[in-house]
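Engineer: So you can see what is in the structure, the chains are spelled out below.
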Amino acid sequence: MIIGETPPPSGAFGVDAIAMTMRFGDFLALDNVELKVRPGSFHALLGENGAGKSTLVKCIMGYYHATEGDILVGGREQAISNPKDAHALGLGMVYQHFTLVPAMTVAENLVLARDDVPAVVNWPKEMKELEVFLARMPFKVPLGARVSDISAGERQKCEILKQLYLKRRFLILDEPTSVLTPAEADEVLGMLRDMVVKGELTILMITHKFREVMAFADDVTILRRGKLAGAGKVSELTPDAMARTMIGAEELTVQPPRTGEAGKARLELAKIRALDDAGAIAVHDVSLTVRAGEIVGIAGVSGNGQRQLVEVLAGQREAESGEIRVAGDPYHASREEMRRHRMSLLPEEPLKNACVGGMSVADNIAFREFDRQPFASAGWWLNRSAFRDDAKKKIGQYKIKTRTPEMPISALSGGNVQRAVLARELAGDVEVLIAANPCFGLDFAAVAQIHAEIMAARNRGAAVLLVSEDLDELLELSDRLVVMFHGEFVYEARTSEADLTVVGRHMAGH
Amino acid sequence: MADGSIGLWTVPLAVLGGAIRVSTPFLFVSLGECITERSGRINLGLEGTLVMGAMSAYGISYLSGSPWLGVLAAGITGALLGALHAGICSLPRVNDVAVGIALMLFGTGLAFYLGKPLIEPTAPRLPAIDFGWWSDIPQVRAALRVNVLFLIGVALAPVLYWAFRTTRWGLLIRTAGESSDAARAMGHSVLLIRLRATMVGGFLAGIGGSFLSLFYPGSWNEGLSSGQGITAVALVIFARWDPLLCLWASLAFGGAAALGPALQSVGVTSGYHLFNAAPYILTLAIMIITCSPKRTLTGAPAELSITR
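Residue numbers (the UniProt record's numbering), protein chains in the order written: chain P, 1 to 510; chain Z, 1 to 308.
Hints are not guaranteed to be accurate.
Okay, derived cross-link-like pairs now, SDA-like style, lysine to any residue, Cα gap no bigger than 25 Å in a straight line [what the hints assert, rightly or not]:
#, chain 1, residue 1, chain 2, residue 2
1, P, Lys58, Z, Gly170
2, P, Lys58, Z, His188
3, P, Lys140, Z, Leu192
4, P, Lys352, Z, Ala302
5, P, Lys167, Z, Arg168
6, P, Lys36, P, Lys58
7, P, Lys352, Z, Val94
8, P, Lys167, P, Ser81
9, P, Lys125, Z, Val94
10, P, Lys128, Z, Arg168
11, P, Lys84, Z, Gly170
12, P, Lys128, Z, Ile119
13, P, Lys84, Z, Val94
14, P, Lys167, Z, Val94
Keep in mind the hints are simulated off the structure, nothing from the lab.
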């Protein structure tokens with residue numbers, strides 16, 4: 001393509017997307033949407049999952065070609081046919097999932113990202129130039145460290161630094177703080193905000209955290225189901241008003257109030273040690289007791305051993321040492337033990353960890369009981385109509401959106417997969433519930449329903465272990481809060497007495 | 001010192017000589033596969049590439065009279081087979097391991113078919129450099145007759161090690177192998193990078209094949225390779241995708257392969273076939289020792305279909 005005139009060589013510029021429509025087959029992902037990002041502003045793009053936020057920014061970055069609509073960069077219409085064109089105009093994007101190469105060093109990642117990587121890299125010279133560049137930057141990263149060895153917060157800083165190193169002056173950030181502690185999030189966004197105020201940068205941030213919108217953004221655009229639902233100055237809006245614009249008229253499940261006191265110890269972990277896939281110690285001799293009628297929340301930035309701990313409890317990973325007891329009996333995660341103790345599991349990424357994607361919704365819902373009455377006679381002859389009847393009942397009860405119970409579960413949206421797992425795991429009496437990031441990536445309606453179910457299980461007397469990276473979720477649901485860092489429990493408090501800054505400090509390992 | 005009086009010293013000498021001679025195809029195939037696998041793709045077809053390389057090198061050497069033209073032809077044949085593998089693998093929903101097995105059978109079958117007329121004639125062979133001139137013991141001189149290809153292979157290992165770190169192409173290959181998302185986000189074509197890496201890998205494997213037919217054993221027949229190509233692929237995993245370790249691993253395998261004939265030459269004939277199986281036993285033992293169900297391999301490119 002021919003770039004008519006590039007935006008001014010330094011300083012921030014604005015981007016306007018006008019009358020954007022994007023069709024994927026029959027599906028209308030964007031319907032005549034308008035987005036105006038002023039030069040030198042911090043703009044938030046709000047919306048539920050599937051509202052079209054990602055589609056919109058991908059059209060701006062040239063990953064998708066909008067069916068209709070125009071992109072104006074610095075006031076001039078531009079035909080952006082691929083990401084390279086966008087980069088040439090000074091547009092950069094930081095993705096929700098890291099695009100750094102974990103096995104390489106920070107310096108290698110930065111140099112590699114350039115368009116003009118020399119055929120033979122002169123490392124001493126490059127390192128010197130990188131250090132000069134870093135000295136001008138608001139945050140520091142260890143250049144020689146391998147990306148896999150640095151924390152999630154440092155990786156996110158690297159991603160942003162990479163864009164600045166490439167001299168991008170319009171940054172799109174896709175949920176940049178989802179892996180950061182609140183303090184890290186404030187630090188990163190605060191520094192970006194400073195650069196915006198100085199007029200060096202324009203920022204468009206996709207987010208669902210109202211706190212960050214209120215604290216850092218100047219303007220906001222809200223999408224709902226592919227349409228523009230609202231836009232305006234943040235100073236003139238409240239979080240409640242924004243939430244209503246995002247959700248529309250949809251009714252949310254009301255969470256039951258917290259009732260009843262904690263009873264006997266149900267789930268006891270004693271000095272559990274587990275390794276990660278690379279053979280390093282991921283869970284370091286942790287001990288914990290969860291009592292009946294109590295929700296214990298495990299907070300922590302992802303990658304601090306929570307996943308391995310949940311895998312041990314789910315029977316997906318063998319513990320190196322330590323003991324788990326459920327209601328006083330030793331527990332080895334066998335199907336029989338899970339059944340006897342009425343244990344339920346809501347693992348993270350349910351489609352991968354709790355479902356067989358190619359099998360039907362009905363089959364997936366029946367996993368726990370499929371070889372028992374009424375689903376099977378004599379333990380081997382399966383009664384298909386019992387599967388179907390049970391699935392139909394639970395599909396109605398848990399509001400699972402599927403055309404038929406025979407659909408493969410992988411064809412369902414994330415929220416509905418989680419609802420199907422919820423239907424399977426919470427249908428009977430539950431005595432022990434283990435949930436890991438149960439609401440990750442789900443929309444408001446699904447989150448409200450899952451939170452209500454977890455609270456209801458607690459009120460019925462279940463011992464609930466809730467592992468989550470979302471601190472707000474833990475503060476809302478749990479009775480007791482434990483912080484996990486580097487495989488150890490470093491902090492514990494009653495949630496009602498927990499101090500957010502103290503929790504955040506422990507999550508960061510201070 | 002009279003001939004043959006060195007006694008049992010024959011065995012380590014023969015193993016050393018074997019390590020140098022037999023290791024060359026291992027070295028070329030494993031370095032080639034190392035490049036391919038670092039880009040995120042496994043080419044199991046290198047066994048077929050090796051045999052095709054051996055056949056085409058022998059044929060061209062015979063027809064042209066120049067063994068070096070034969071080596072070049074073997075490399076080009078290998079690169080073309082690599083391009084075929086990469087081409088098929090760039091189609092959606094194609095598994096590189098399955099394609100590799102198909103190409104392994106295709107390569108060996110095609111080589112046997114085209115190579116039928118080459119079993120009889122004798123082609124000019126590659127020259128060797130005599131590093132044993134200082135000794136008058138024939139065993140020493142035999143062990144130290146080193147082919148130029150071996151020296152090229154030995155030099156190539158550190159060059160690759162350096163190139164993976166400090167050249168644009170090395171960094172791009174590693175990016176494609178470690179995170180195709182990252183490579184795509186930077187605007188690189190992962191398929192193109194892998195096509196080139198697979199072609200270079202095939203080129204080197206083809207050259208490894210030319211060594212078989214043009215130097216040691218130095219003739220063309222259907223039992224020429226006996227699975228050396230596939231062993232070399234396993235060797236890359238053993239060497240943790242590190243070119244320098246590939247060199248040492250190739251030498252170890254070459255030495256193991258020479259063990260049987262060496263023991264036979266000093267009169268240990270019982271268990272001859274067992275000692276001939278030494279490289280395969282070594283492969284199996286190494287795989288058992290280095291693999292664990294509880295952890296993933298360190299150093300494995302993250303995009304490789306066996307580690308994902």
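Engineer: Work down the list of hints and note, for each, if the structure agrees.
Structural biologist: Each hint tested on the structure:
1. P/Lys58 x Z/Gly170: This hinted pair is violated, its Cα atoms lying about 30 Å apart.
2. P/Lys58 x Z/His188: holds, 17 Å
3. P/Lys140 x Z/Leu192: violated, 35 Å
4. P/Lys352 x Z/Ala302: Measuring from Cα to Cα gives roughly 19 Å; hence the hint holds.
5. P/Lys167 x Z/Arg168: The hint holds at about 20 Å.
6. P/Lys36 x P/Lys58: holds, 16 Å
7. P/Lys352 x Z/Val94: With Cα atoms ~22 Å apart, P/Lys352 and Z/Val94 stay inside 25 Å; holds.
8. P/Lys167 x P/Ser81: Between P/Lys167 and P/Ser81 the Cα gap is close to 20 Å, so the pair holds against 25 Å.
9. P/Lys125 x Z/Val94: violated, 42 Å
10. P/Lys128 x Z/Arg168: OK: P/Lys128 and Z/Arg168 at ~19 Å, within 25 Å.
11. P/Lys84 x Z/Gly170: Within the cut-off at roughly 22 Å; holds.
12. P/Lys128 x Z/Ile119: violated, 60 Å
13. P/Lys84 x Z/Val94: Outside the cut-off at roughly 28 Å; violated.
14. P/Lys167 x Z/Val94: violated, 39 Å
When each numbered hint is compared with the structure, violations occur for hints 1, 3, 9, 12, 13, 14.
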